[in-house]
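Q: Next come the chains, spelled out residue by residue.
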Amino acid sequence: MLKYVLRRLLSSLIVLWVATVGVFLMVVYSGDPLFALKMNPTTPPKTILIREHQLFLDRPVTWRYWHWFTGVLHGNLGLDMTNSPVKPQLFMHMGVTLRMVVLAFVLAVVIAVSLGVLAALKRGGIIDRSITFATFFFLAVPVFVTGLFLKLYIAIPLDKFFGHEVLATSGEISPVATGNFWQRIPGLAAHMTLPTITLILAIFSSWTIYQRSTILETMNMDHVMLARSKGISPRRVLLRHILRNALIPVTTVIALDFAGLLGGAVITETVYSWNGLGRWFLQGANNQDLNITLAYLLFTAVLVILFNLLADIAYGLLDPRIRYR
Amino acid sequence: MSVFRKNKTQGVKVDTQWSIAMRRFRRDKLAMAGVFIFFFILIFAIVQTQIDPNGWSTLSLDFARPPSWHHPFGTTTVGLDLFSGCLKGALQDLIVALVVSTMSMVIGTTVGAVAGYFGGKLDAILMRFVDLLLVVPLLTILIVMANLFAGKSNGPLFIALLIGSLSWTYIARLVRAEFMALRERAFVEASVALGAGNWRIITRHLIPNAIGIIVVNTTLTVSGAILLESTLSYLGLGIVPPAVSLGMLVQEGQGAATTSPWEFLFPAGLLLLIVLCVFAIGDGLQAAFDPRNARRKKSA
Amino acid sequence: MLKHKIIGGISVAALMLGTLAVPSFSSGAGTTKIVALDGTFTGFNNFTSAQNSFYLAQVENQLWPSPYIMNQAAKFVLDTDIVTKAVSADVKGQQVVTYTINPQAVWSDGVPLTADDFIYMYQASSGATNPDGSPKYTDIDGNQYDVAGNAGYNQIQSVVGSKPASGACAPGTAANRNVGLCPNGKTVTVTFMKGQSYAEWPGLFGLLPAHVARVVGWNTGMDDPSRATADILSAGPYVLSSVDMANNTYIETKNPRWWGTPAKTDTLVFTNLADDTQGIAGLAAGDFNVFQPTTVSASMISQAKSQSGVTSSVIPGYVFEHLDFNFKNPNLAKLKVREAIALAVNRKAIIAATVGQVNTATKPLDNYIFMSNQAGYKADGAAYDNAGSTADLTKAKALLASSGYVFDKSDSKFHVGSASGAPLTFQLWEKGSSVRAAEAQIVQADLAKIGITVDINVASNSVILGTDNFDMVIFGWAGSPLLSGYLNIYGCTMTAGVCTPNSSNYGNLADAAVSKVMAKANTSLTIADEVKGYQQADQTLWKDLPTLPFYQSSQGAFWSGVSGVVNNPTQAGITWNAQEWQ
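Protein chains in written order, with the numbering used here: chain B, 1 to 325; chain Z, 1001 to 1300; chain F, 2001 to 2582.
Note that these hints are calculated values from the structure, not bench results. In this text, all values refer to a predicted model and were calculated from it rather than measured experimentally. Some hints here could point you the wrong way.
Stated by the list, open to error - Under 7 Å between C-beta atoms, here's a sample of chain B residues computed to sit facing chain Z:
| id | residue |
| --- | --- |
| 1 | Val18 |
| 2 | Leu25 |
| 3 | Ala134 |
| 4 | Phe136 |
| 5 | Pro142 |
| 6 | Phe144 |
| 7 | Val145 |
| 8 | Leu148 |
| 9 | Leu262 |
| 10 | Leu303 |
| 11 | Leu310 |
| 12 | Ala311 |
Claimed, not checked - Simulated crosslink set (DSS-like; lysine-lysine; CA at most 25 Å straight-line):
| id | chain 1 | residue 1 | chain 2 | residue 2 |
| --- | --- | --- | --- | --- |
| 13 | B | Lys46 | F | Lys2516 |
| 14 | F | Lys2409 | F | Lys2378 |
| 15 | B | Lys122 | Z | Lys1029 |
Stated by the list, open to error - Here are some, though not all, of the chain Z residues that point toward chain B, as calculated from beta-carbon distances under 8 Å:
| id | residue |
| --- | --- |
| 16 | Ala1033 |
| 17 | Leu1126 |
| 18 | Arg1128 |
| 19 | Val1135 |
| 20 | Val1136 |
| 21 | Leu1138 |
| 22 | Ser1230 |
| 23 | Leu1235 |
| 24 | Ala1268 |
| 25 | Val1275 |
Backbone N, C-alpha and C fix where the C-beta goes; we use that ideal spot for every residue, glycine too.
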């Protein structure tokens, strides 16, 4: 088992390294990050030279990659285009994004599993059909449409109805929030509700569908039929025979999907103006900011690799039939 | 042995996998509804853009007007007819979907087939390549690539090629898994014993058996491509004016959503409808190709 | 599984309860006004090109002083709290400006405002070089000063202090390069180089605390948010009391050392609004009090109208939209072709479809340099106001015909050379927003009427400009009440007998005569002279037709729950008079 994990880790790291080279080249050839500066008629030519020197634009591409790479090995993620260190920015925005993503993730898992089980148990009935319809509906709606719809047609009228701001539509915290952590929770909650709901609606669907079909499959399996025919109570059958088997596959799917959550977070942050990683990356990519793009890439790639590995390990541990050579 | 022709062996009609699946699909009401609506939108859009090719480029002085007889979906902030825009945008999305799904299917099946059938070093290299493409979330890499090509061209075909070049990985993995399983089956061994070459085995025996998986997942890729393209356009990186796509219309319309809601609701609604149809079709195909459904069929 | 449901249920319930309990915003004691900015920054030295941004300027308007403030009418007003007197005179052919610093002026750490602050600003901005080409002044790390703009500073010969508040002149230190310059003086004498007078001198010498910058460094020394409240000293009504760069929130409270009229609001809070389209909704919800979007849209205005309590102000700004011609295209190099185009493109229709929805009073911009609400504006381009009319179209066609293009009746197009030659076609580029796309479509339709084919292409500016990859391109300039920058946009420099277009002259107009006029205007002694020079230049430019200006964008500002806000369309921005808000 350990050997398998190590082998996977090694190949993942190599893949990661190749990915950084690829993204690096793409950003470097994306265009001139100083174009906006050059287009400003009042910028002195000397300033342009100074900035080019600061951004290493006067160095060969290979040198620039090596400089970044060795920096990363020392834990230094470089400076962004405004000479501000990238690492503190990464952690700063990471906290904001993870706040939204982790909560949404946990709630979505709970909801997806519950709905999936419910739909499977009441198969064919009105509950199953409504749940199935809802999951397909939310699977089809783009994240930004859900977010925009909630923001424009639910939050704003609701706030008007209550007379003051019940659901905040912009930012992750009120700018004048005062008081200690506990006093700030209501404000945090107000700002967090809509984005969390949006993210949940964006991700719970595929898990629900998968959970439902897994349960249905399990219910049709021989050992379950045997248990039922033995006269064991349906509830016991459910808990001991069905769920124990049926919850395993969805775990791996969920673990693999976590990194994809970050993609959904990019949109949600844009819709609700959160100062999270997604927006930070988006602005950085649009400005051809090399270090920000690479830092975000590292962050997401590491998460993907980690969760893929976790999924494999979990599957190997939970399913006794799997043995890793 | 072609899956598409019904073999008449000694006067007995033999059902092929494909015909069984299609029969089941035809009986699935939701899936058929999806097919009808999808093709209705497609044909309507094609016809409308042929009749009124300049519908989307004709500027009028009706800025942000609500739906009326002359403008069934209303007009946008600069005075363009939203009805033409939505239909033309839908067409662009469907073109994107077509290109992406074809690319995914072709590249994904090829890579998956080669990796699954030949195994060994070839498999390892190909799978590492797939890993490389999967290590970064699709949206992230698309954002970077969109900026790389920001200056050059933003037509729908280009965006489609971009998305298509990255979305074949899922199909590749599934085909590979299927081929690895099929490879061990008796009929493959028999073909090899009969002297069939690799190419023949792959194309005439293995791919037809995997066609169910390929078709179903291609429809998933189609809906994914439409959603991805509209997300990119929403971020301002996909299709930009004067070209039009539903995602771009939603992006332009959301700023005015409280004062002229039709600018946002119609494109978003149409987008939703198209993706739902694709899902219905995909879900129907999945059920149709699922051999386990045979068990639930009422015995004669 | 039941456990899961319970946990889920409790979390959701907690969220719901929390939302009902939230107040709209909580404030400390006293009045608070919140400003929403639609941009962010990562450091505080607004004079560097790395950090220079409109949004940072909004935060620093109330902190860092300058001798003159630009009011909403684009007029320089002396800020007597900082400088009690400023006089410009011609002394033996050199312009000499004398500032008298307000004796009470101090930084918020108690250090008085002195000539050293002026001397340091000059050293950082001048770009002066030694005879061997090395920079005369460098930052504490030995690197050159990264400065966003050095217009005017590069024409200064010396900055010297005199008349300290008490005692003798300080000797100065070699490290600070102010030996013998009387750095503690309360009077500053700025001498310009001979023949290099700078009429826009009131715009110079925005100041930062020199005694801090000399220690922490100019280039990156003020980028650390944890030291911001200590380093970003203020000589204004407010002081920076809290910096939360993670959430882009900055809080300013009243400056206890402020010696002038106290500000009317106790606390100013700056927050970031990423999405302009939510601005009015935020105002209505009480998220903030003041909001100035980068671009104002028609939907913002109609939303503001429908919300009671939201005031809107839309006035012509300094960003202007225009169509550039690339003189490298041999057809566009012909003046008659450009005139024909100018007679055909209906600018009023373009305005109606775009900015006209925001500000119905917008007229076509008939001046290359002055904005319509600027003193000195003359509608030199009025001849093209009714472009698109039948008479103008006929005139345009006649011009094309007399330039050697042949009109083919069968396809209604002009052809190059002969009727079988290539149709006259231009590649028009724009940047992919629905507004620009609409403008491009109108240009295309209008030019089709006089037989010119236009192909519309979309690409970002960095690909189009500076590489001559275009025939015509639509984009906008952020103009300014300061005129000297226009030499860069329309002028060329004589090198080896050829007039090479300047760096921002993307259309490659090479008119040496008009460049000379503009260069001379840039060294005028008074604003009146400068204005006259540029007015003369503008008349010549309308004979050259290097571009076709479309319109002036409007600068919008919205506020709610606050009074005293005045929309300032210049770079000063909306917080220019924040001390008056209440």
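Q: Next step is simple, just say for each hint if it's right about the structure.
A: Going down the list of hints, with the structure as the test:
Annotation: interface hint on Val18(B) holds; nearest CB of chain Z at approximately 6 Å, less than 7 Å. A least Cβ separation of about 9 Å between Leu25(B) and chain Z goes past the 7 Å threshold, and the interface hint is therefore violated. Given the 7 Å rule on beta carbons, the hint for Ala134(B) is violated: about 12 Å separates it from the nearest Cβ of chain Z. Contact between Phe136(B) and chain Z, as hinted, is supported at the beta carbon level, the nearest pair being about 5 Å apart and thus within 7 Å.
Hint status for Pro142(B) relative to chain Z: holds, with the closest Cβ pair at about 5 Å, below 7 Å. Checking Phe144(B) against chain Z by beta carbon gives a least distance of about 5 Å; that is within 7 Å, so the hint holds. Because the closest C-beta pair between Val145(B) and chain Z is about 5 Å apart, less than 7 Å, the hint holds. Annotation: Leu148(B) was flagged as interfacial toward chain Z, and the flag holds, the nearest CB pair being 5 Å apart, inside 7 Å.
Nearest Cβ of chain Z to the Cβ of Leu262(B): about 6 Å, under the 7 Å cut. The hint holds. Taking 7 Å as the C-beta contact cut-off toward chain Z, the hint placing Leu303(B) at the interface is violated, the least distance being around 9 Å. Contact between Leu310(B) and chain Z, as hinted, is not supported at the beta carbon level, the nearest pair being about 15 Å apart and thus beyond 7 Å. The interface hint given for Ala311(B) is broken, as the beta carbon of that residue sits about 13 Å from the closest beta carbon of chain Z, more than 7 Å.
Of the pairs offered as hints, the one joining Lys46(B) and Lys2516(F) holds, with about 23 Å between alpha carbons and a cut-off of 25 Å not exceeded. Taken as a hint, the Lys2409(F) and Lys2378(F) pair is broken in the structure, with Cα atoms around 40 Å apart against an allowance of 25 Å. Using a Cα cut-off of 25 Å, the hinted pair Lys122(B) and Lys1029(Z) holds, with the two alpha carbons roughly 21 Å apart. Taken as an interface hint, Ala1033(Z) does not check out: its beta carbon lies about 13 Å from the nearest beta carbon of chain B, beyond 8 Å.
Hint status for Leu1126(Z) relative to chain B: violated, with the closest Cβ pair at about 13 Å, above 8 Å. Hint status for Arg1128(Z): holds, given a least beta-carbon distance of 6 Å to chain B, under 8 Å. The interface hint given for Val1135(Z) holds, since its Cβ lies 5 Å from the closest Cβ of chain B, which is under the 8 Å cut-off. Checking Val1136(Z) against chain B: minimum C-beta separation of about 6 Å stays under 8 Å; hint holds.
Against a cut-off of 8 Å between C-beta atoms, the interface hint on Leu1138(Z) holds, since the closest Cβ of chain B lies about 7 Å away. Interface hint at Ser1230(Z): satisfied, since its Cβ lies 5 Å from the closest Cβ of chain B, which is below the 8 Å cut-off. For Leu1235(Z), the shortest C-beta to C-beta distance to chain B is roughly 7 Å, which falls under 8 Å, so the interface hint holds. Below 8 Å, beta-carbon pairs count as interface contacts, and Ala1268(Z) has one with chain B at about 5 Å; its hint therefore holds.
Among the interface hints, the one on Val1275(Z) holds; its C-beta lies about 4 Å from the nearest C-beta in chain B, closer than the 8 Å criterion.
Checked against the numbered hints above, the structure breaks hints 2, 3, 10, 11, 12, 14, 16, 17 and satisfies the rest.
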